[in-house]
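Participant: The listed protein sequences derive, respectively, from chains A and B. According to our numbering, the first sequence holds residues 1 to 153 in order. According to our numbering, the second sequence holds residues 154 to 552 in order.
Bear in mind the hints are in silico, worked out from the structure with no lab data behind them. There are no misleading hints in this set.
Reference excerpt, derived from the structure (chain A facing chain B, CB under 7 Å, subset only):
#, residue
1, Ala4
2, Ser8
3, Tyr91
4, Ile94
5, Lys141
Below are the DSS-like pairs computed for lysine-lysine, each with C-alpha atoms no more than 25 Å apart in a straight line:
#, chain 1, residue 1, chain 2, residue 2
6, B, Lys186, A, Lys62
7, B, Lys170, A, Lys141
8, A, Lys45, B, Lys170
9, A, Lys50, A, Lys30
10, A, Lys36, A, Lys50
11, A, Lys30, B, Lys186
12, A, Lys50, A, Lys37
13, A, Lys50, B, Lys170
14, A, Lys62, A, Lys134
15, A, Lys134, B, Lys170
Heads up, the beta-carbon is just placed ideally off N, CA and C, and yes, glycines get one too.
If you want the building blocks of each chain, they are given just below.
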Amino acid sequence: MFYAYGMSITLRYADTREQGAAILNDAFMKVFENIKKYDERRSFKPWLRKIIINTAIDHYHKEQKQPDVMDLESSEHAMAEDETVISGISYQEIIEMMQQLSPAYRAVFNLYVIEGFNHEEIAGMLGISVGTSKSNLAKAKRNLRVILEKNLT
Amino acid sequence: MSGKHQHDDSLERLFQKKAEEYDISYRDEDWHKLERRLDARDAQLLYRRRLIGVAAAAMLIIGFLGYFTYDNHTRLNNLTEQIHEGQVADEQPSIIDPTPEPVDRTAVDRVLPGLPERDLLAITEDLPRLPLAVAEEEQDEFADEITAVRIRQLPATAVSSPDLSPVVPKRVDIKPEAETDEQMTGPPLLASEEVELPDRQQKVSRFSLGLVGAPDLTTVGSVSNLHTPGYKFGLTAEYQLSSRLAISTGIVHSTVRYSDRSEQYQPPGYLSGGVAPNEITGECIILDVPITLKLDVLTYDNSRIFATAGVSSYIMLNEEYNFNYENQYNEERIESWSDRTGTRHWLSNAGFSVGYEYDVHPSWSVRAEPFIRIPMQEVGWANVRLFSMGSFVSINYRL
Chain A
1 MFYAYGMSIT LRYADTREQG AAILNDAFMK VFENIKKYDE RRSFKPWLRK IIINTAIDHY
61 HKEQKQPDVM DLESSEHAMA EDETVISGIS YQEIIEMMQQ LSPAYRAVFN LYVIEGFNHE
121 EIAGMLGISV GTSKSNLAKA KRNLRVILEK NLT
Chain B
154 MSGKHQHDDS LERLFQKKAE EYDISYRDED WHKLERRLDA RDAQLLYRRR LIGVAAAAML
214 IIGFLGYFTY DNHTRLNNLT EQIHEGQVAD EQPSIIDPTP EPVDRTAVDR VLPGLPERDL
274 LAITEDLPRL PLAVAEEEQD EFADEITAVR IRQLPATAVS SPDLSPVVPK RVDIKPEAET
334 DEQMTGPPLL ASEEVELPDR QQKVSRFSLG LVGAPDLTTV GSVSNLHTPG YKFGLTAEYQ
394 LSSRLAISTG IVHSTVRYSD RSEQYQPPGY LSGGVAPNEI TGECIILDVP ITLKLDVLTY
454 DNSRIFATAG VSSYIMLNEE YNFNYENQYN EERIESWSDR TGTRHWLSNA GFSVGYEYDV
514 HPSWSVRAEP FIRIPMQEVG WANVRLFSMG SFVSINYRL
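Take these sequences, add in the hints, and give me the full structure.
Facilitator: And the structure:
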């Protein structure tokens with residue numbers, strides 16, 4: 001029941017599907033170990049989501065590599081205003097594009113754009129400065145535009 | 154989390170929207186790969202725990218052996234020194250007069266003028282030998298006594314001489330009185346003499362064999378959920394490291410029976426139709442191979458109270474499980490499972506006991522020994538942690 005939901009989160013942080021499954025397994029282990037701390041009066045999904053995101057960040061810290069200083073060639077073309085074209089992109093394609101980012105850029109992009117954290121919170125979670133968080137987000141978006149454009153052409 | 158941002162950027166809107174449109178199907182392969190990795194990690198953890206357990210047991214055994222070896226070595230050295238001192242004292246001609254003092258010729262010439270030196274020496278040497286064990290004070294007393302006797306026997310003119318060295322003109326045999334004999338320490342303990350030990354202590358062997366049997370109560374969960382008793386019987390071999398410490402091993406055939414809720418069991422794979430049974434009853438035939446240290450805490454003439462501590466390895470000869478379900482309408486349910494698994498679980502359980510041993514004969518003894526077995530790892534097909542208790546009754550033969 002929660003497998004697909006959990007994998008939809010971990011795949012965005014992982015390099016491969018195998019790694020996503022490993023992160024999800026660790027997250028469920030934490031759920032079982034801490035199930036007594038769960039407040040039944042609240043919804044389960046947000047609690048599960050928080051554990052999965054924290055587990056994904058733990059994996060990021062374990063496998064943290066040097067930040068990718070080689071950015072993709074910046075696109076000089078603005079993204080197409082016609083979202084009809086890009087809305088046809090599937091979820092799987094989105095995931096594959098995100099997995100082409102470096103772990104540092106990918107983590108910031110996920111936490112800011114998808115999860116909704118602000119830069120101060122992201123800086124605390126990843127152990128970076130606010131400026132680095134903003135910089136990494138900008139670089140992630142730039143790289144995604146390049147990847148997206150290559151996929152569309 | 155401060156809340157969703159306003160995504161003015163179309164890229165952000167795209168990813169935000171698509172992230173919620175996930176369509177991920179379950180894949181068995183994901184979990185098979187993960188299962189293999191988890192099993193490998195568990196095996197590594199188990200290996201490390203076993204290594205620590207074996208190292209701790211080895212250090213404990215080495216520590217015990219080292220201590221008792223040192224203790225025996227010290228005693229042996231003391232005995233050797235005593236024997237050596239005894240031998241040295243035996244070789245000496247006289248305790249009272251170990252070195253012949255030079256005789257004062259002035260006094261001798263006054264009494265026996267012209268007495269040859271060798272005759273004088275013969276007289277002075279002709280003194281009773283005293284046993285080795287005579288204390289120095291007693292030796293001095295004897296010397297004084299002999300001197301006093303000699304003085305009494307000397308002519309009056311000789312007594313006035315300040316030199317009381319032994320110049321007795323005739324032999325004086327001074328033999329200790331009978332009472333004095335008894336007061337003296339016993340006969341010298343020479344290395345050449347044999348010491349007769351009581352019959353029981355003769356022919357003492359360090360090896361012994363035992364035949365053991367015991368009822369067995371086993372559980373995998375709480376002690377309050379004990380099932381039908383099983384039983385144990387087997388053979389043990391024991392080696393006496395010192396007068397109080399022994400090490401033993403053996404093979405004990407055990408039939409254990411236990412029952413508990415299904416949560417205590419973790420069999421591989423899934424049971425019927427995804428429905429877990431409410432209760433599982435197990436009966437397993439196990440070969441228990443213990444390694445135990447036994448310490449005699451209190452010793453009496455013919456008996457002793459002892460305590461043991463050790464580890465056991467379990468070899469699962471046969472496992473049988475019966476599953477009970479609340480829902481009897483599940484037609485896919487599996488009601489029983491059995492197999493001669495033959496799995497080996499080294500150093501899987503720790504064992505402790507206290508007991509009483511009575512010597513019915515110098516070579517035979519009987520023991521009563523309540524025990525407990527505590528799990529250190531899971532065993533068997535169902536991966537259960539077995540707690541056992543019972544009381545061994547054994548008969549032992551000293552080789």
